[in-house]
Amino acid sequence: QKEVEQNSGPLSVPEGAIASLNCTYSDRGSQSFFWYRQYSGKSPELIMFIYSNGDKEDGRFTAQLNKASQYVSLLIRDSQPSDSATYLCAGPYQSGAGSYQLTFGKGTKLSVIP
Amino acid sequence: EAQVTQNPRYLITVTGKKLTVTCSQNMNHEYMSWYRQDPGLGLRQIYYSMNVEVTDKGDVPEGYKVSRKEKRNFPLILESPSPNQTSLYFCASSPGPLSEQYFGPGTRLTVT
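Residue numbers (the numbering used here), protein chains in the order written: chain V, 1 to 114; chain L, 115 to 226.
Here chain V stands alone, though its shape is the one from the complex (with noise of 0.2 Å):
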């Protein structure tokens, strides 16, 4: 069975603080996992991909990938009110030979609070 469940939102943090969004998946098989940012009225745009143990850096966001515990998670350092929006933590699983869905998770909701 494939899930990808999010913490519940919606999240609010003040100007300056760490964001921290998460999600936990149900697919031991999965080897992936992607961050999309969703501004409210508008087409999800790819902000992380993460495909190893560990975390990866680019700017001010950091994907962790556990997958012992089959999480991931998503930290926004120094949030900004323009990273106000939607993020969307999404696995390929693999539902037939070569064959693979894409399944996202519901979203939290993230407000930055000047």
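Think of the hints as simulated: they come from the structure by calculation, not from any bench. Every residue, glycine too, gets a C-beta built ideally from N, C-alpha and C. Hints are not guaranteed to be accurate.
Across the chosen pairs, the derived CB separations fall in these ranges [what the hints assert, rightly or not]: (1) V/Gly54 <-> L/Asp173: 25 to 33 Å; (2) L/Leu155 <-> V/Ser111: 17 to 25 Å; (3) L/Val128 <-> V/Gln70: 19 to 27 Å; (4) V/Glu45 <-> L/Lys185: 21 to 29 Å; (5) V/Gly96 <-> L/Asp152: 22 to 30 Å; (6) L/Glu214 <-> V/Asp78: 18 to 26 Å; (7) V/Leu11 <-> L/Arg222: 23 to 31 Å; (8) L/Lys185 <-> V/Gln80: 35 to 43 Å; (9) L/Pro197 <-> V/Gly16: 43 to 51 Å; (10) L/Arg222 <-> V/Arg28: 34 to 42 Å; (11) L/Lys131 <-> V/Ala68: 48 to 56 Å; (12) V/Leu11 <-> L/Pro197: 28 to 36 Å; (13) L/Gly154 <-> V/Arg60: 27 to 35 Å; (14) V/Ser82 <-> L/Thr224: 27 to 35 Å.
Reference listing, derived: stretches of chain V covered by chain L, where coverage requires no fewer than 3 residues with Cβ under 8 Å from a Cβ of chain L [what the hints assert, rightly or not]: (15) 43 to 49; (16) 99 to 113.
The hints should help you fit chain L onto chain V, whose structure is shown.
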């Protein structure tokens, strides 16, 4: 410019009137998908295609059809739309399922 285009962007229709939402990408991507997004339910995959003439059901395929006759196009067909298909629809493409998805701008569909 590399992009995924969808048409129409907005559509209001009546129950039972067949409609097609077009999706086209100019990046020579093999993998294409259709998603619907509903409040509280997130993005759910309707259909996906690994390559030309290869399509598979996603999590919510009922009431929808797709075809992939050319690599660049992946239309979504609603043969007999119903009000529960009122939603925001996104088309996406990528080099493969393990790669970044590029999303179209979305189509907001209302079925009355």
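Hints, verified against the model:
1. V/Gly54 <-> L/Asp173: 25 to 33 Å: With a Cβ separation near 30 Å, V/Gly54 and L/Asp173 satisfy 25 to 33 Å, so the hint holds.
2. L/Leu155 <-> V/Ser111: 17 to 25 Å: 21 Å, holds
3. L/Val128 <-> V/Gln70: 19 to 27 Å: This hint is violated: roughly 45 Å between Cβ atoms.
4. V/Glu45 <-> L/Lys185: 21 to 29 Å: 23 Å, holds
5. V/Gly96 <-> L/Asp152: 22 to 30 Å: Once the Cβ atoms are compared, 26 Å apart, the range 22 to 30 Å for L/Asp152 and V/Gly96 holds.
6. L/Glu214 <-> V/Asp78: 18 to 26 Å: Distance hint for L/Glu214, V/Asp78 holds at roughly 25 Å.
7. V/Leu11 <-> L/Arg222: 23 to 31 Å: 26 Å, holds
8. L/Lys185 <-> V/Gln80: 35 to 43 Å: 39 Å, holds
9. L/Pro197 <-> V/Gly16: 43 to 51 Å: Holds: the Cβ-Cβ distance is about 45 Å, inside 43 to 51 Å.
10. L/Arg222 <-> V/Arg28: 34 to 42 Å: 37 Å, holds
11. L/Lys131 <-> V/Ala68: 48 to 56 Å: Cβ of L/Lys131 to Cβ of V/Ala68: about 51 Å, so the range 48 to 56 Å holds.
12. V/Leu11 <-> L/Pro197: 28 to 36 Å: 32 Å, holds
13. L/Gly154 <-> V/Arg60: 27 to 35 Å: 29 Å, holds
14. V/Ser82 <-> L/Thr224: 27 to 35 Å: Holds - the Cβ-Cβ distance for V/Ser82 and L/Thr224, about 31 Å, lies within 27 to 35 Å.
15. 43 to 49: holds (count 5)
16. 99 to 113: n = 9 at 8 Å, threshold three: holds.
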